[in-house]
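There are 2 protein chains.
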Amino acid sequence: MTKEELLELLHGNSNRIAKLHSMFTQMNAVDIAEIFVDTDRDTVIQIFRLLPKSMAADVFSYIDPDEQQIIIEALTDREVSDIMNKLFVDDAVDMIEEMPAAVVNRLLQIVPDEKRKQINQILQYPDDSAGSIMTTEYVELRESASIIEAFEHIRTIGINKETIYTSYVIKPNRLLVGIVSAKGLMLAEPRDTIGHIMKTNFVFVHTTDDREIVAGLFKKYNLLSMPVVDREQHLVGIITVDDVMQVIEEENTEDFEKMAALNPSEEPYLKTSVLALTRNRILWLLFLMLSATITGGVIANFEEALAVLPMLVAFIPMLMDTGGNAGSQTSTLIIRGMALGEISFRDLALVWWKELRVGLLCGLGLGLINYLRIYLMNGKNGILSITVSLSLLITVVMAKTIGCILPMAAKKLKVDPAIMAAPIITTIVDGASLVVYLSIAKALFRI
Amino acid sequence: MTKEELLELLHGNSNRIAKLHSMFTQMNAVDIAEIFVDTDRDTVIQIFRLLPKSMAADVFSYIDPDEQQIIIEALTDREVSDIMNKLFVDDAVDMIEEMPAAVVNRLLQIVPDEKRKQINQILQYPDDSAGSIMTTEYVELRESASIIEAFEHIRTIGINKETIYTSYVIKPNRLLVGIVSAKGLMLAEPRDTIGHIMKTNFVFVHTTDDREIVAGLFKKYNLLSMPVVDREQHLVGIITVDDVMQVIEEENTEDFEKMAALNPSEEPYLKTSVLALTRNRILWLLFLMLSATITGGVIANFEEALAVLPMLVAFIPMLMDTGGNAGSQTSTLIIRGMALGEISFRDLALVWWKELRVGLLCGLGLGLINYLRIYLMNGKNGILSITVSLSLLITVVMAKTIGCILPMAAKKLKVDPAIMAAPIITTIVDGASLVVYLSIAKALFRI
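Chains as they are written, first to last, in full-length UniProt numbering: chain A, 1 to 447; chain B, 1 to 447.
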């Protein structure tokens, strides 16, 4: 059913409301959460109160922060406490991070001590760490337990765990010694012990590891979940694949933004204010604008040549654009290749040798076509044609070289390679190509 | 243990080889597969033969195509048949797609009929469709089965299924009527029936749906797997989250490449030949180069103005670069926002109004700083300063407008918005900004 039909039912008589209530039980929590988007305050509260109790927390975890806040402010302490108790810790943390201070204070006062401790623990991990994306609802087993006992245990507590498809085997001091998949449990002999069937060479991360490392391991090993341990190998949480997919998209968005000279923002575009958007852009624009004035200085130095041959100016945009495009093609491939772990610094010579040949081929092709075009359209001026085409060839080769070396050097220097993308490469190549162009012109025309 | 230690053991005496064999059983298939990278032919074959039989197919599925081919060519038909039989259909298809025709013919002759039929079925789906990334190893259940019977069934056949965490409930004619999670099974009453506990409002796709739609649904509903049905709602396969993560990364790579004027390539950079790299770049470079000559034509039209005031030329690079950067900032945010489903065409007016204000703020800031810089550094030439700064303001506002309208219009016209990124936007803004700049100069300097 569509949102419109739902709202119609909602504002109808009580008979209809009973119908609505029973319909929610048939729906997916994600779809119910979508109804709240761009819906007015009163309706948001009304719909939320109509949800079956067993679904309320689940739906709540998918609702946008703005509407979550409306709901929290409308509910009684008791109702909020109930929701908070049923929310997984990672969802509770995500929500708290978006709330204003007053709401956070109320929330932390309302939640039970144990949950508050867990929330505070996760909140204290740095933003991009494994600890910040983990949750603490997982199934623990002991080595001595039998498969039957393990099943019994999961049947009792599993309903409140984020995943039951991997159980974590710990010693009494919380040392993580193995993992057991639900598949392993289901296929094992009922009288076998957990210690016997558990996998001891499992993949794990530390709380302070970067979340990009986490994403890389999930992709490499095709994981559904992963344990997070502290420095003494004690189990403190797990990360599930749904959160990792979100991390991957966020990291990609960050790269797209950095590569376009934008300060990364975590807010969706439509929810970002004009001032914030401006702030994320203007410093980079300013830096690049001032850098480009250096290129202007190059031109000023060749003023007498341009005065003698004003037609030279007409080819500047084409040279600058082609250099920028050639450079950003290369830098994009290299930055992406490094982000995916396909290219590393030790491949520098290999990459550069490749780009040199690609640059020569592209440069020769473009140069030739350009030569013919200028020769035919500019009164068969051979010297002009050769000046522009030779400059173009050198520009493309330079652009490809700079486009591969700068991002790889950045990586080596532990600077994010995504910074060394089109905008900076273009600015550098522009200046260099104009020096080449105007020098060749001076030499060939004997100015 | 490192690859070096392994190779040392491998080339040692037979006692060591027994040790190696037992060590493989302790290792993760993904890690074993990594040993094959950049390893010589004989060693590849030697290692593969040493693998425990139960792991060979699993390891094989993670090996790079080049080494897969070496192994297939070295193995007997019987050994290959054994591997092919144990490979999941989606992994078999991935491999076959990378092999030369002669190898494919041999493989399809060797595999059992049933498997060949499944492989051929998946091979026939279009490259970017849901059908092309699905696999056919899933658990089927009937509505009438009890929970106990379902468990028994999974215990018997589960070992050969890609996932047992979701079972698919079908009617005798293969009509898909529901899904049951392993969690649901484990938490249910043993005597209950599948028909009673199954979920009937599940998420599914059709074989011909685009794989981007699949990725979007996995992200939206936090799925681990998803059924694929044909036009009559008959179950034909499932898609698992590990394959979807790969799709997400591939789609992102494609966007990065398109946004940098590159034809998308599926090969990793280091494995792509110089000729293929050149082919993926040169047509775009050529198209953009020829487009940029239009900008050159603009300049030629203003030749007399530039002859009177040659200093005007020095500001062209700064204007062009700033316009390009301002435009690509906007187009990147819009393209990414649309890819993530955060922005759609009906937001056009909202987005444009936002960008207009951001453009004015950025343009005013940059214009002001530029005004002061030129005024102080160019002999307090007020008219020159105002000419450049006013052009800059107009350029930035134009660039932001073009940067949001073009990608959104492309989306509306069912063209991939990623094409409307920095390279094209820059070329368009360049021409427009030079017309503005030189027109203002003519007017203010009364040339």
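Rather than coming from a laboratory, the hints here were simulated on the basis of the structure. Check before you lean on any hint, since a few could be wrong.
If chains are identical, the list can't say which one is meant, so a pair holds when it fits in one copy or spans any two.
[Claimed, not checked] Result set (SDA-like, lysine to any residue): computed pairs, CA atoms no more than 20 angstroms apart in a straight line: (1) Lys-414 x Thr-278; (2) Lys-19 x Leu-364; (3) Lys-19 x Ala-145; (4) Lys-171 x Ile-405; (5) Lys-19 x Glu-73; (6) Lys-171 x Gly-379; (7) Lys-219 x Glu-251; (8) Lys-53 x Glu-303; (9) Lys-219 x Tyr-62; (10) Lys-161 x Glu-114; (11) Lys-442 x Tyr-371; (12) Lys-442 x Glu-140; (13) Lys-3 x Gly-195; (14) Lys-219 x Asp-91; (15) Lys-3 x Asn-201; (16) Lys-380 x Ile-154; (17) Lys-219 x Asn-28.
How the hints compare with the structure:
{"no.": "1", "hint": "Lys-414 x Thr-278", "verdict": "neither (28 angstroms within a copy, 30 angstroms between copies)"}
{"no.": "2", "hint": "Lys-19 x Leu-364", "verdict": "neither (72 angstroms within a copy, 57 angstroms between copies)"}
{"no.": "3", "hint": "Lys-19 x Ala-145", "verdict": "neither (47 angstroms within a copy, 31 angstroms between copies)"}
{"no.": "4", "hint": "Lys-171 x Ile-405", "verdict": "neither (50 angstroms within a copy, 60 angstroms between copies)"}
{"no.": "5", "hint": "Lys-19 x Glu-73", "verdict": "neither (27 angstroms within a copy, 64 angstroms between copies)"}
{"no.": "6", "hint": "Lys-171 x Gly-379", "verdict": "neither (86 angstroms within a copy, 78 angstroms between copies)"}
{"no.": "7", "hint": "Lys-219 x Glu-251", "verdict": "both (14 angstroms within a copy, 15 angstroms between copies)"}
{"no.": "8", "hint": "Lys-53 x Glu-303", "verdict": "neither (77 angstroms within a copy, 76 angstroms between copies)"}
{"no.": "9", "hint": "Lys-219 x Tyr-62", "verdict": "between (25 angstroms within a copy, 12 angstroms between copies)"}
{"no.": "10", "hint": "Lys-161 x Glu-114", "verdict": "within (16 angstroms within a copy, 40 angstroms between copies)"}
{"no.": "11", "hint": "Lys-442 x Tyr-371", "verdict": "within (18 angstroms within a copy, 32 angstroms between copies)"}
{"no.": "12", "hint": "Lys-442 x Glu-140", "verdict": "neither (77 angstroms within a copy, 78 angstroms between copies)"}
{"no.": "13", "hint": "Lys-3 x Gly-195", "verdict": "neither (51 angstroms within a copy, 29 angstroms between copies)"}
{"no.": "14", "hint": "Lys-219 x Asp-91", "verdict": "between (23 angstroms within a copy, 15 angstroms between copies)"}
{"no.": "15", "hint": "Lys-3 x Asn-201", "verdict": "between (49 angstroms within a copy, 17 angstroms between copies)"}
{"no.": "16", "hint": "Lys-380 x Ile-154", "verdict": "neither (84 angstroms within a copy, 79 angstroms between copies)"}
{"no.": "17", "hint": "Lys-219 x Asn-28", "verdict": "between (27 angstroms within a copy, 14 angstroms between copies)"}
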